[in-house]
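Chemist: Here's the letter readout for the chains.
Protein chains: 2
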Amino acid sequence: MKKKLIGTARGILKADIIFKNAKVVDVLTASIYEADVAVVDGLIAGVGEYTKADKIIDLKGKYICPAFINSHCHVESSMAMPSVYCVEELSWGVTTLITDPHEIANVSGVEGVSYMLENTKNMPINYYVQVPSCVPATPFEHSGSTLDILSIAEIAQMNGVLGMGEMMNVPAVLSADGDVLAKLDWFRNKPIDGHAPQLTGNDLQGYVIAGINTDHEATTWKEAKEKLRSGMYVLVRQGSASQNLKAIMEGVIAEDIDTTNMAFCTDDKHLADIRKEGTIRYCVVKSIEMGMKPLKAIQMATINAARIYGLKHLGSITAGKQADFIVCDDITKFENIAVYYKGQKMERIVANRPSWNIVINGSVNIKDVTKSDLELAKKEKYPIIKMIPHQIITDKEELSYDDAMAGLEKGDICKIAVLERHHATGYVGVGLLKGYGLKNGAIATTVAHDSHNMIVVGTNDEDMLLAINELKNVQGGYTIAQNGKIIDTLPLNIAGLMSDLPAEKLINRLDDLTAKAHEIGVSKDVDPFITLSFMALPVIPKIRITDMGVFDVESFSFIK
Amino acid sequence: MKKKLIGTARGILKADIIFKNAKVVDVLTASIYEADVAVVDGLIAGVGEYTKADKIIDLKGKYICPAFINSHCHVESSMAMPSVYCVEELSWGVTTLITDPHEIANVSGVEGVSYMLENTKNMPINYYVQVPSCVPATPFEHSGSTLDILSIAEIAQMNGVLGMGEMMNVPAVLSADGDVLAKLDWFRNKPIDGHAPQLTGNDLQGYVIAGINTDHEATTWKEAKEKLRSGMYVLVRQGSASQNLKAIMEGVIAEDIDTTNMAFCTDDKHLADIRKEGTIRYCVVKSIEMGMKPLKAIQMATINAARIYGLKHLGSITAGKQADFIVCDDITKFENIAVYYKGQKMERIVANRPSWNIVINGSVNIKDVTKSDLELAKKEKYPIIKMIPHQIITDKEELSYDDAMAGLEKGDICKIAVLERHHATGYVGVGLLKGYGLKNGAIATTVAHDSHNMIVVGTNDEDMLLAINELKNVQGGYTIAQNGKIIDTLPLNIAGLMSDLPAEKLINRLDDLTAKAHEIGVSKDVDPFITLSFMALPVIPKIRITDMGVFDVESFSFIK
Numbered sequence: 001m002k003k004k005l006i007g008t009a010r011g012i013l014k015a016d017i018i019f020k021n022a023k024v025v026d027v028l029t030a031s032i033y034e035a036d037v038a039v040v041d042g043l044i045a046g047v048g049e050y051t052k053a054d055k056i057i058d059l060k061g062k063y064i065c066p067a068f069i070n071s072h073c074h075v076e077s078s079m080a081m082p083s084v085y086c087v088e089e090l091s092w093g094v095t096t097l098i099t100d101p102h103e104i105a106n107v108s109g110v111e112g113v114s115y116m117l118e119n120t121k122n123m124p125i126n127y128y129v130q131v132p133s134c135v136p137a138t139p140f141e142h143s144g145s146t147l148d149i150l151s152i153a154e155i156a157q158m159n160g161v162l163g164m165g166e167m168m169n170v171p172a173v174l175s176a177d178g179d180v181l182a183k184l185d186w187f188r189n190k191p192i193d194g195h196a197p198q199l200t201g202n203d204l205q206g207y208v209i210a211g212i213n214t215d216h217e218a219t220t221w222k223e224a225k226e227k228l229r230s231g232m233y234v235l236v237r238q239g240s241a242s243q244n245l246k247a248i249m250e251g252v253i254a255e256d257i258d259t260t261n262m263a264f265c266t267d268d269k270h271l272a273d274i275r276k277e278g279t280i281r282y283c284v285v286k287s288i289e290m291g292m293k294p295l296k297a298i299q300m301a302t303i304n305a306a307r308i309y310g311l312k313h314l315g316s317i318t319a320g321k322q323a324d325f326i327v328c329d330d331i332t333k334f335e336n337i338a339v340y341y342k343g344q345k346m347e348r349i350v351a352n353r354p355s356w357n358i359v360i361n362g363s364v365n366i367k368d369v370t371k372s373d374l375e376l377a378k379k380e381k382y383p384i385i386k387m388i389p390h391q392i393i394t395d396k397e398e399l400s401y402d403d404a405m406a407g408l409e410k411g412d413i414c415k416i417a418v419l420e421r422h423h424a425t426g427y428v429g430v431g432l433l434k435g436y437g438l439k440n441g442a443i444a445t446t447v448a449h450d451s452h453n454m455i456v457v458g459t460n461d462e463d464m465l466l467a468i469n470e471l472k473n474v475q476g477g478y479t480i481a482q483n484g485k486i487i488d489t490l491p492l493n494i495a496g497l498m499s500d501l502p503a504e505k506l507i508n509r510l511d512d513l514t515a516k517a518h519e520i521g522v523s524k525d526v527d528p529f530i531t532l533s534f535m536a537l538p539v540i541p542k543i544r545i546t547d548m549g550v551f552d553v554e555s556f557s558f559i560k
Numbered sequence: 001m002k003k004k005l006i007g008t009a010r011g012i013l014k015a016d017i018i019f020k021n022a023k024v025v026d027v028l029t030a031s032i033y034e035a036d037v038a039v040v041d042g043l044i045a046g047v048g049e050y051t052k053a054d055k056i057i058d059l060k061g062k063y064i065c066p067a068f069i070n071s072h073c074h075v076e077s078s079m080a081m082p083s084v085y086c087v088e089e090l091s092w093g094v095t096t097l098i099t100d101p102h103e104i105a106n107v108s109g110v111e112g113v114s115y116m117l118e119n120t121k122n123m124p125i126n127y128y129v130q131v132p133s134c135v136p137a138t139p140f141e142h143s144g145s146t147l148d149i150l151s152i153a154e155i156a157q158m159n160g161v162l163g164m165g166e167m168m169n170v171p172a173v174l175s176a177d178g179d180v181l182a183k184l185d186w187f188r189n190k191p192i193d194g195h196a197p198q199l200t201g202n203d204l205q206g207y208v209i210a211g212i213n214t215d216h217e218a219t220t221w222k223e224a225k226e227k228l229r230s231g232m233y234v235l236v237r238q239g240s241a242s243q244n245l246k247a248i249m250e251g252v253i254a255e256d257i258d259t260t261n262m263a264f265c266t267d268d269k270h271l272a273d274i275r276k277e278g279t280i281r282y283c284v285v286k287s288i289e290m291g292m293k294p295l296k297a298i299q300m301a302t303i304n305a306a307r308i309y310g311l312k313h314l315g316s317i318t319a320g321k322q323a324d325f326i327v328c329d330d331i332t333k334f335e336n337i338a339v340y341y342k343g344q345k346m347e348r349i350v351a352n353r354p355s356w357n358i359v360i361n362g363s364v365n366i367k368d369v370t371k372s373d374l375e376l377a378k379k380e381k382y383p384i385i386k387m388i389p390h391q392i393i394t395d396k397e398e399l400s401y402d403d404a405m406a407g408l409e410k411g412d413i414c415k416i417a418v419l420e421r422h423h424a425t426g427y428v429g430v431g432l433l434k435g436y437g438l439k440n441g442a443i444a445t446t447v448a449h450d451s452h453n454m455i456v457v458g459t460n461d462e463d464m465l466l467a468i469n470e471l472k473n474v475q476g477g478y479t480i481a482q483n484g485k486i487i488d489t490l491p492l493n494i495a496g497l498m499s500d501l502p503a504e505k506l507i508n509r510l511d512d513l514t515a516k517a518h519e520i521g522v523s524k525d526v527d528p529f530i531t532l533s534f535m536a537l538p539v540i541p542k543i544r545i546t547d548m549g550v551f552d553v554e555s556f557s558f559i560k
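Protein sequence lines, in the order shown, are assigned to chains R and X.
Heads up, the first sequence is in the UniProt record's numbering, so the first residue is 1 and it goes up one at a time.
Heads up, the second sequence is in the UniProt record's numbering, so the first residue is 1 and it goes up one at a time.
Take these hints with a grain of salt, some might be off.
Identical chains share a label here; the pair holds if one copy fits it or two copies do between them.
Under the rule of at most 20 Å between Cα atoms (straight-line distance), these lysine-lysine pairs were calculated in the PhoX-like manner [stated by the list, open to error]:
| id | residue 1 | residue 2 |
| --- | --- | --- |
| 1 | Lys190 | Lys312 |
| 2 | Lys222 | Lys23 |
| 3 | Lys52 | Lys3 |
| 4 | Lys439 | Lys485 |
| 5 | Lys2 | Lys190 |
| 6 | Lys55 | Lys20 |
Just so you know, these hints were derived from the structure itself, not from any lab.
Quick caveat: nothing in here was measured; it's all calculated off a predicted structure.
Work out the full structure, taking the sequences as your base and the hints as a guide.
Modeler: Take a look at the structure:
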């Protein structure tokens, strides 16, 4: 093998393909030069002058640029099955994904992570996993699975696993909790992702010295700069909800800072948004529009991410690297690109149906629910979860019994319930939601961060029960019920998180459901399903609901 | 341990020392900011605001800069014992050495390498070894030792070994020689140093794809740039003999190239030169004088080298790194610096006498030599090794028997002999040398690249024999004989390469010997001992002499 590579690099042996007359995007020196690129056995054999090959492609001066790396993403958040997601990423030039299967791990544990790897193992993409470090995310809800240190170690041994996923349990790190230190120690000398929004000063130093390497939560340049200076790699995030590119890159450009330790990521980006503009490609193009030198932006999208994650075989157009690259006319726009993975051109493909070797459906397991489960206990005062337009943070209100009932009557307030859906324990939290806008009917989802129990919102118990049972029948998804009938359902039967539909169909179905939810009153300022899915996440201010009850984030306790 | 670090980083626990009011040289963002640096247990605990410590040092606005890394050096070439060499490097801010003990390995094999590590293991320096890959360097001479793959593997297991040293056998790499590929394979995923002067085009691609990571042989910017583009790390060399800094950095500055993959090294630098100006410090200062941004030059001297050699605990002033740094007033000059290793200030120390646990003297083992061994075979024509002023390359001449004898008579020509000195095999090569200038007497050395046999030059056999026997008696060194008497001798009794004298004494003694050699006629254009030591290296044009005879480098064969 090495002998063949050396012979091909030297031009003595025939290459498989020679790309003649390329402009090589050299991310090592941050410059461009003209050369041929020889490919053999899926690797770049050499860059220079080459003539001997089975196939010669004349690029006539087009660019050859290393393919992009998405340095942090939760594939499940696309609601597409992983192989479908990969196709969308590939079509915009991403051939490497660093994924954190945190969502499915909360539902299905080791088996869920295994499914993600299995489903993508024949895809033309470098699919890497960071082992979820914090499952369950909080002790204030019941998840489907718990990843203890041995489960984490079991996943760490799987092919395609690089290191440890985002360490969200900042307080445990800072208090030097033994279990958390043991997890960190397991992955020492491997990449360990952080998750430390707004952490600053000495506490940030403590978090870094614990051994955490990256952070993708910076929302301001000030925060990003402090994290860079602390020694962290900063992954600039541009997803569908969290969009930090502009704020951070403005600072980078203004201060002409060294970007060696920076890369791009999406965290969560929806399928429709990806299809429209890509992921990392969008970050590159926007950064260049903002004034970044093109080569510097491309470094962040390629070699920097490869270096951060120790992927020595990726990230540049040099001898011995995997032949993953983009061919295009304009490296400031990256439109009409051709994408090569291991030297083969990727035509837009329809992803395979999921591999059912590992059965990951059958994840909705709830105890029979009756009206009495959805009853609000009679109290003097009720805490109200108040949605804020275009935000996932909430406000907190308190109403008397009479006012709450009046609000329910008028339709200002809906009932919201979270049902434990993994082990049929019968846990149900019931509360009141303001600002959602639903006028008549019920809406339910099994996507409910982070434990992914079932959330149902409704104006009457009958439609709520109908929606609950519909999601039980289809084993997870989105559903809308009204006047005793199911209006529409999108099954998400892969762990109750993902659909097995092809991308275009899935995008259309998501649009349908969203439109129908708005038709029955859900406010235009709220995403009917996505915003809803965050109402169960008990770490975001100010008030949430889990299967264990209504939770006050500020006092970090349930409201009796 | 981790718990203590986290507590100290957070400012809850006391640090050992706090350096207040520092200007932190941040090589990650390439910028400077004001902060305190807390140190505990030899590590940087945190950078920010700190108050609790056993000791507080107010830096009053001085800089704290990461200490320097010399990314490639042959310590033996200083002729000081390794611990003495370390003191000289330390005093100019180098706390990390990536060494290639190629010289001593040629004399003493595994034991020699072990000695270098043993002799420095208690020194306040990070002393790393790259395992010599090419011992012996050529088949045209007899070395003291041969490092086969198992010897290499044995060294690879020693503490302090990082990867493989310079792969000088370029033809074997390019012909995909099995033994060489096996060596490279042994060190896959570890740093492998290259040594490929003037290698270019497809052959360079072949050398890179074989798995070689670094090169320090580029002498022009064109060569350095091609190597960078090929994917190699370029170590810019500035030693006593080979000085490539100016040529390369001029190009870097003119083209504003990315320097992420570049570092500085010395290869070979003499003790007197180090004492005068330092090693890496000199590279930084000169680069800045030439127009390099100070932070960029400092990156090359610190974090870049750490990254290239996978030294994750070194290279920056950030929490968790080893507390190796320089405190100074001016980061463009680095004069009057204070050097800290593991948080402790290094006072100029007298290095210990060598550790004799591993006996490395007794390396001069020659068969008894008589006049007849030094006799020139009678031939029609004699090849003459012609020294060129201030160069180590030589010219080739041919003289008739009569002309050669007349030259010897007049003193234009000297006799030169190389004697196998490791295993008393009795091999002696005898030839004629022009341009050395010696008028009366003999000069001998056991430093003779790369096999380090004994070289003796003389105007008469009696003095030559005297010099030979003197070096046998002192077990290696430099000596000068005249009129049947030894004028002066510097014993180099550590492998015949290094002295156990303290640095200042050694520098003085080297000056003495050099002056005395010039006094008895050696040309001012020739370094009496150093230039001589290269006359036995059969890979440098055009003509050399080994213990096996006079060697024509162009035809790569001995001259009969």
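Chemist: If a hint holds in the structure, say so; if it doesn't, say that too.
Modeler: For each hint, the structure was consulted:
| no. | hint | in the structure |
| --- | --- | --- |
| 1 | Lys190 with Lys312 | both (13 Å within a copy, 11 Å between copies) |
| 2 | Lys222 with Lys23 | between (37 Å within a copy, 19 Å between copies) |
| 3 | Lys52 with Lys3 | within (17 Å within a copy, 60 Å between copies) |
| 4 | Lys439 with Lys485 | within (15 Å within a copy, 114 Å between copies) |
| 5 | Lys2 with Lys190 | between (27 Å within a copy, 17 Å between copies) |
| 6 | Lys55 with Lys20 | within (10 Å within a copy, 64 Å between copies) |
Checked against the numbered hints above, the structure violates none of them.
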